[in-house]
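Chain by chain, the residues run as shown.
Number of protein chains: 2
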Amino acid sequence: MVVPLCSYRGTLAAMSIVVQKFGGTSVADADRIKAVAAHAVATRKAGKDVVVVVSAMGKSTDELIVLASEVTDNRHPREMDMLLTAGERISMALVAMAIQDHGVGSTSLTGSQAGILTTEEHGQAEIIGIRGDRVREGLADGKIVIVAGFQGFSPETRDVTTLGRGGSDATAVALAAVLRAEVCEIYTDVDGVFTADPRVVPGAKKLDEISFEEMLEMAAAGAGVLMTRSVEFGRRYRIPIHVRSSFHGGVGTWVKEETMEEAIIRGVAHDVSEAKVTVHGVPDQPGVAARLFEPLAEAGVSVDMIVQNVSLQGVTDISFTVPRADLDMAEKVAEAVVGDVGAAGADVDHNIAKVSLIGAGMTDELGIAGKMFRILADHGVNIEMISTSPIRISCVVRGDDVAAAVRGLHDGFALGEEQESAENG
Amino acid sequence: MVVPLCSYRGTLAAMSIVVQKFGGTSVADADRIKAVAAHAVATRKAGKDVVVVVSAMGKSTDELIVLASEVTDNRHPREMDMLLTAGERISMALVAMAIQDHGVGSTSLTGSQAGILTTEEHGQAEIIGIRGDRVREGLADGKIVIVAGFQGFSPETRDVTTLGRGGSDATAVALAAVLRAEVCEIYTDVDGVFTADPRVVPGAKKLDEISFEEMLEMAAAGAGVLMTRSVEFGRRYRIPIHVRSSFHGGVGTWVKEETMEEAIIRGVAHDVSEAKVTVHGVPDQPGVAARLFEPLAEAGVSVDMIVQNVSLQGVTDISFTVPRADLDMAEKVAEAVVGDVGAAGADVDHNIAKVSLIGAGMTDELGIAGKMFRILADHGVNIEMISTSPIRISCVVRGDDVAAAVRGLHDGFALGEEQESAENG
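If you read the protein sequences in the order shown, they are chains S and R.
Heads up, the first sequence is in our numbering, so the first residue is 1 and it goes up one at a time.
Heads up, the second sequence is in our numbering, so the first residue is 1 and it goes up one at a time.
Extracted from the complex, chain S is given alone in its bound form:
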């Protein structure tokens, strides 16, 4: 994900650039498109150079996927990308028109016109560089430039590619990096990043700021508002990301390098998108784990947490979590390995959830993990697996216990209150 920063600045140096990204909900119909246009124009009139990155309208990407499924049962990755990139093409042209209605110049650019260079993996391409000449030319002409999110092209194959989930955010932050924007604004249907998912914890509090590292852990732990890949871009190129509501003008959450707030715990994240695979009766010999996890990696299975039980009479159990999407493949690989290594068997547990506590402050504070485990126990939540990083503690629990766990931790660490009182929670 290296984005070569271009040294060319031309006439742009005088004005600071704002990149504004609007997701599918924000451009779902004509009225919302006009609202996006008005917002971009207001930013332009406030003296900024504005680049707008848009997703496809509402559910239009899903509709195109349904259309493809009516035509074929097979995967045709290149043509699927050709098909799906029609979606942003439509929204970006409409946004550009609506902006021009304000008497402000604008021009829409596809990923390939904007010079979004990617790897060649259709459907999950990675951004490898951004040319951006036409973006700069548009800005130099005083225009608001609209760029299609989610799409790019492979210089290797000269084919159009898509970036996969969270792709439009990645486009926006990478563009902001290359243009040295002062901020990348991610407009979304929530007010910002919260101390916990407000649908689970009604008292969850919106964070005014969060560090890149904390946001990375939050995203990896299941906070859906931003994908790790865009946070990673922001962190690497020091582009502040402002996650904010597309419904009102209030301040959202700033994701940036340093934060003023000295919170110990930033928030609780949870993730119900994973499943657990356990291989039982594994001979406790050197190299056994490699014989399981190497084939999993080769099969493209993304393994999250791994726990190996204490060995008993020369055999042990190995459990790991994977995204549900990878579960069939993971099970197949695990079952093949069972025979290879002489294990007793493998089984799958669909009903799990991961609950994580995130905060850069916990590195300096003792006893956070202990307090977390006690709170879970007090709420009758059994812990099945544990994994930690310097700024995160994650526990796998029963899927049915997830709400109680999240609420208990949010309460127990007093995350809904002002931060001063957090240590007394």
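Keep in mind the hints are simulated off the structure, nothing from the lab.
Hints are not guaranteed to be accurate.
No distinction is drawn between identical chains; accordingly, a pair holds when it is met within one copy or between any pair of copies.
[What the hints assert, rightly or not] Derived lysine to aspartate or glutamate pairs resembling EDC-like cross-links, with alpha carbons at most 16 Å apart:
1) LYS34 to ASP73
2) LYS256 to GLU213
3) LYS206 to ASP189
4) LYS256 to GLU121
5) LYS205 to GLU417
6) LYS205 to ASP317
7) LYS48 to GLU121
8) LYS371 to ASP317
9) LYS332 to ASP191
10) LYS332 to ASP347
11) LYS206 to GLU384
12) LYS206 to ASP101
13) LYS45 to ASP401
14) LYS48 to GLU70
15) LYS34 to GLU70
16) LYS34 to GLU258
17) LYS48 to ASP141
18) LYS371 to GLU126
19) LYS34 to ASP133
20) LYS34 to ASP101
We have chain S already, so just place chain R on it with the hints.
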């Protein structure tokens, strides 16, 4: 409309190329798309190199236009083209997928990927050249290449353009010219070119062949099956065009240089898309006509027929026909000219139709015009304007009389019968 013929032939010389164009109705849903794919695959398996040119699915272009009208009341030509080109992108990707399901390689190319170079007039660009490298590469790889019809890009502005009405046919015939295809097949919802519109004349006969010149006159006279611009390409580069049904495999109509059939009259065409403007009491002085028709040309009004009455007491009437789409502008210009030249006034007649008799044979035959006028009179049809070319006679009649005129002429010249008997009709 110059298409530079590329001298490169590479490995393609061995196999003959067929270009197949399918319109919106032919790719309207998943089933029709699969049928198009099966047909292209069958042609490939019969030993041809196949290039498929597709329009947008069914009414999808109209739906995009409605979407734009919800966002803006203004014309934004560049963004409108960006928007509309999403349509072919969707159909071409789906056709490519359906072809791959047959185990045959295929790749879809946008107008710009296929190297369709155009002028920069958005919405009505003209093809100025075709690079076609990626089309040739695809064919050399043994693939069926799908090309988006209707769209190209301007090398001047590097922007995506659309070709306007009949644009997909133009793409197909121009591609066929550049690739030196053996034929350009235009698949449509009718069986071919008829001696008259079968909706008006139930006994109309499908023509097996027609010359480029006759087809040009038929198209200009209102036969909707092909636009003049594609016939012009075919004529210039001697690419036979086969107009045929997308519903069955029967032979349609071959449009080509020489025809075997020595018909005197090829068919009757009619056009109800025009209106008539008359400027009354025009001083009969040199230069008056120029003062009317120069401003009309400058205003982009496409004038078809012109008739100037015999001068009476130094004043005359000038009538001309224009497409209804240009009528408002034509009326405005005419009214401005009335004052300039001291004419009495201008009025507009919406209720007209043009009926034309077309046939290369009529150049060698005397009395065709006289017979035409007599037939119209016998059917009680009054003639308001007359215009002729070596292979066409057109009469403007009352709009209400058009069906009687077309049926009368088709009958009178015995066009529904075998050609031998035509002279006895």
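Tested hints:
For a Cα distance limit of 16 Å, the shortest separation of LYS34 from ASP73 across copies, 12 Å, qualifies, whereas the shortest one inside one copy, 38 Å, does not. For a Cα distance limit of 16 Å, the shortest separation of LYS256 from GLU213 inside one copy, 9 Å, qualifies, whereas the shortest one across copies, 70 Å, does not. In this assembly of identical chains, the alpha carbons of LYS206 and ASP189 lie at most 16 Å apart only when taken from the same copy (13 Å versus 59 Å across copies). When the C-alpha separation of LYS256 and GLU121 is checked against a cutoff of 16 Å, the pair qualifies neither within a copy, at 30 Å, nor between copies, at 46 Å.
For a Cα distance limit of 16 Å, the shortest separation of LYS205 from GLU417 inside one copy, 8 Å, qualifies, whereas the shortest one across copies, 85 Å, does not. Proximity of LYS205 and ASP317 under a CA criterion of 16 Å is satisfied in neither setting, with 40 Å inside one chain copy and 81 Å between copies. In this homomeric assembly, LYS48 and GLU121 never come within 16 Å of each other (Cα to Cα): the closest approach is 35 Å inside a single copy and 31 Å across copies. In this assembly of identical chains, the alpha carbons of LYS371 and ASP317 never lie at most 16 Å apart, being 27 Å within a copy and 99 Å across copies at closest.
Proximity of LYS332 and ASP191 under a CA criterion of 16 Å is satisfied in neither setting, with 41 Å inside one chain copy and 54 Å between copies. For a Cα distance limit of 16 Å, the shortest separation of LYS332 from ASP347 inside one copy, 11 Å, qualifies, whereas the shortest one across copies, 81 Å, does not. In this homomeric assembly, LYS206 and GLU384 never come within 16 Å of each other (Cα to Cα): the closest approach is 30 Å inside a single copy and 77 Å across copies. Proximity of LYS206 to ASP101 under the C-alpha cut-off of 16 Å is found in neither arrangement, the shortest distances being 35 Å within a copy and 50 Å between copies.
In this assembly of identical chains, LYS45 and ASP401 lie within 16 Å of each other by CA distance neither inside one copy nor across copies; the values are 50 Å within and 60 Å between. Taking the shortest Cα distances, LYS48 and GLU70 never come within 16 Å of each other, neither inside one copy (45 Å) nor across copies (28 Å). Proximity of LYS34 and GLU70 under a CA criterion of 16 Å is satisfied inter-copy only: 10 Å between copies versus 33 Å inside one chain copy. In this assembly of identical chains, the alpha carbons of LYS34 and GLU258 never lie at most 16 Å apart, being 35 Å within a copy and 56 Å across copies at closest.
Taking the shortest alpha-carbon separations for LYS48 and ASP141, only the intra-copy value of 13 Å comes in at or below 16 Å, while the best inter-copy value is 49 Å. In this assembly of identical chains, LYS371 and GLU126 lie within 16 Å of each other by CA distance neither inside one copy nor across copies; the values are 40 Å within and 73 Å between. In this assembly of identical chains, LYS34 and ASP133 lie within 16 Å of each other by CA distance neither inside one copy nor across copies; the values are 27 Å within and 40 Å between. Taking the shortest alpha-carbon separations for LYS34 and ASP101, only the intra-copy value of 9 Å comes in at or below 16 Å, while the best inter-copy value is 41 Å.
Taken one by one, the earlier hints fail for this structure at numbers 4, 6, 7, 8, 9, 11, 12, 13, 14, 16, 18 and 19, listed in ascending order.
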